[in-house]
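Protein chains: 2
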Amino acid sequence: MFYPIKNTKVYEQVIEQIKQMVDDGTLKKGDKLPSERDLVEQLNVSRASIREALKALEVIGLIDCKQGEGNYIKTSFEDNLFEPLSIMFMLEESDPESIWELRKIMEVEAAGLASKRINNKDLKELKELTERFLDLDNEEIHAEIDKKFHYKIAKCCGNILIYNILKTLSNLVDHFIKDIRKSILVDKGNKEILFSQHHNIYLSMESHDSKAARKAMREHFDFANKYMNK
Amino acid sequence: MFYPIKNTKVYEQVIEQIKQMVDDGTLKKGDKLPSERDLVEQLNVSRASIREALKALEVIGLIDCKQGEGNYIKTSFEDNLFEPLSIMFMLEESDPESIWELRKIMEVEAAGLASKRINNKDLKELKELTERFLDLDNEEIHAEIDKKFHYKIAKCCGNILIYNILKTLSNLVDHFIKDIRKSILVDKGNKEILFSQHHNIYLSMESHDSKAARKAMREHFDFANKYMNK
Numbered sequence: 001m002f003y004p005i006k007n008t009k010v011y012e013q014v015i016e017q018i019k020q021m022v023d024d025g026t027l028k029k030g031d032k033l034p035s036e037r038d039l040v041e042q043l044n045v046s047r048a049s050i051r052e053a054l055k056a057l058e059v060i061g062l063i064d065c066k067q068g069e070g071n072y073i074k075t076s077f078e079d080n081l082f083e084p085l086s087i088m089f090m091l092e093e094s095d096p097e098s099i100w101e102l103r104k105i106m107e108v109e110a111a112g113l114a115s116k117r118i119n120n121k122d123l124k125e126l127k128e129l130t131e132r133f134l135d136l137d138n139e140e141i142h143a144e145i146d147k148k149f150h151y152k153i154a155k156c157c158g159n160i161l162i163y164n165i166l167k168t169l170s171n172l173v174d175h176f177i178k179d180i181r182k183s184i185l186v187d188k189g190n191k192e193i194l195f196s197q198h199h200n201i202y203l204s205m206e207s208h209d210s211k212a213a214r215k216a217m218r219e220h221f222d223f224a225n226k227y228m229n230k
Numbered sequence: 001m002f003y004p005i006k007n008t009k010v011y012e013q014v015i016e017q018i019k020q021m022v023d024d025g026t027l028k029k030g031d032k033l034p035s036e037r038d039l040v041e042q043l044n045v046s047r048a049s050i051r052e053a054l055k056a057l058e059v060i061g062l063i064d065c066k067q068g069e070g071n072y073i074k075t076s077f078e079d080n081l082f083e084p085l086s087i088m089f090m091l092e093e094s095d096p097e098s099i100w101e102l103r104k105i106m107e108v109e110a111a112g113l114a115s116k117r118i119n120n121k122d123l124k125e126l127k128e129l130t131e132r133f134l135d136l137d138n139e140e141i142h143a144e145i146d147k148k149f150h151y152k153i154a155k156c157c158g159n160i161l162i163y164n165i166l167k168t169l170s171n172l173v174d175h176f177i178k179d180i181r182k183s184i185l186v187d188k189g190n191k192e193i194l195f196s197q198h199h200n201i202y203l204s205m206e207s208h209d210s211k212a213a214r215k216a217m218r219e220h221f222d223f224a225n226k227y228m229n230k
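Taken in order, these protein sequences are the chains called A and B.
Heads up: the first sequence at position 86 corresponds to 86 in the UniProt record's numbering, and the numbers run straight through without jumps.
Heads up: the second sequence at position 21 corresponds to 21 in the UniProt record's numbering, and the numbers run straight through without jumps.
Where hints are given, some of them may not hold.
[As the list claims (entries may be wrong)] With a cut-off of at most 20 Å between alpha-carbon atoms, the simulated PhoX-like pairs for lysine-lysine come out as follows:
no., chain 1, residue 1, chain 2, residue 2
1, B, Lys155, A, Lys104
2, B, Lys9, A, Lys74
3, A, Lys215, A, Lys226
4, B, Lys178, A, Lys19
[To be verified] Selected chain B positions facing chain A (in silico; Cβ < 7 Å):
no., residue
5, Asp23
6, Lys29
7, Asn80
8, Phe82
9, Ile105
No lab work stands behind these hints, which were simulated from the structure alone.
Note that beta-carbon positions come from the ideal geometry of N, C-alpha and C, so glycine has one too.
Using the sequences and the hints given, assemble the complete structure.
The structure is reproduced here in C-alpha cells:
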C-alpha cells in the first residue's frame, strides 16, 4: 500500500530536529544552540534554511537570537502565544467579548485551583498586592498591581498552561479592549469596590476554600463586565 | 526626554507591517500576499528578511506558502497553537496532567455555553455523532467520532478562542497522553458507558440546559480521569 508523501519543507525539518532534541532532553531551557555553521554542517542544509527555522522559532517565542552571541533556548515562555492568538483573532474578526468570556472562565477556575495549592510565601505576597491596591493614585501603577495580583493567582495553580494562556488573554484584553480599565476607574468609589473584591479573593485563598475563591473571582469579573460596553 | 531605542529586527518589522494590514482589514482570510519581489521593493528590505518573516508566519499557522503559487493568508487557524504550546510544554517539563486539567475545565464550560447557543442544524449533527458512537468496532474511527463530538460542542460555543484552544488541547492530549484512549477501551463495557455519557451531554444540549450540560461533561471527564494513570 502506498502512503501519501508529505511535502515537508527543509526549514520545517530543521525545526522538527530541534524539537526532537527538546523532546529527548538534549536541549533544555537556557541552553545555547549549536552555531549556524555547525547546524549547516550537521543537518546538511543551506544556511538560509537554518536561518528561516531559527527566526520561526524566535517568533513562536522559543529561542532568543542574540546578535553576535548566538541562539539560546528561552528560559521563560510567557509571551509565546500572544502573536499567534492576536493575529488569529484579527483574521477571524472575532468579538473582543470572546477574549473576555474565556478569560473569565479561566480566572474563576484558576482561583479555585490556586486556593488549594497556594503556599504561605505566595499568600504573603498576595496579601501585599491586595493591600497596595488601595494606596495607589496613579492609574498605570494601579493597572500593574492589578495584573500582578491576577498573575500571582494564575501562577499558584501550578499549571503552566493555565498560567501561560491566562497571561496571554490578559494581554489580549489590554490590546483589544483598551478602555475597560479606564471606564471602571472613572466611577468614583469603584477603587474601593475593586479593593474589597480583591480582598475577598485573598481571604478565600487564605482559607483554602475553592468554592469561595471561585465565587469571589466570578463576582469580580461580573462587576467588571458591566463596563465592557460603556 | 529620551526613550529606549527598541532593537527591532528587520524580519520582525516585516511581520509587524503584515499584521498592521491584517488589523486594518487590507488583508483578509484567504487573500494572496504581494509577491516576494513586490514585498522586497515596497518594504525596501532584503529578500532574505522577507523570506524569514514569511516562514515565521507560516510556522505560527497564519499563512500558507505554496511553492510556485505564492503566499496566502490561511482560511482556518485551527492548528496555530499546537507548535508553540507543545514545545513550551516540553521545555517546561510539565506534567501531562496539566493538559488534562485545563482541557477538563474548558470542556465543561464550553458545554455550558454551547447548550445555550447550539442551533437545530448542529443539534441534528451532534445527535448523529452520538448515535454512530455505539456502532463502531474500529478503534481509530471510534477516536475520530469522539473527537468530532467534542469539537462540535466546542464550535457551538461561538467563541473562536475556546474552539481553537480546545482543539489544540485535544491534540496535545493525543500527543502526550497517548494511551488514555486505549486504556479506557480495554475495559469491556466502557464503550456503552461512554455512549451513555455522550448521550446525556447530547440531551442537555437538546434541552438547552447549561447546568445539566456542565454536569454531564464533568462526569464524562471524571470517568476518563480514572484511566489517566493506568
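Outcome of the hint check:
1. Lys155/B with Lys104/A: Roughly 19 Å separates the two Cα atoms, so the pair holds.
2. Lys9/B with Lys74/A: Roughly 18 Å separates the two Cα atoms, so the pair holds.
3. Lys215/A with Lys226/A: Within the cut-off at roughly 17 Å; holds.
4. Lys178/B with Lys19/A: Distance of about 18 Å is within 20 Å: holds.
5. Asp23: The hint holds - Asp23/B has a Cβ within 7 Å of chain A, the shortest such distance being about 5 Å.
6. Lys29: Hint on Lys29/B: holds, closest Cβ of chain A at ~5 Å, below 7 Å.
7. Asn80: holds, 5 Å
8. Phe82: It is violated, given that the least Cβ distance between Phe82/B and chain A is near 10 Å, above 7 Å.
9. Ile105: Hint on Ile105/B: holds, closest Cβ of chain A at ~5 Å, below 7 Å.
The structure fails hint 8 only (numbered hints given earlier).
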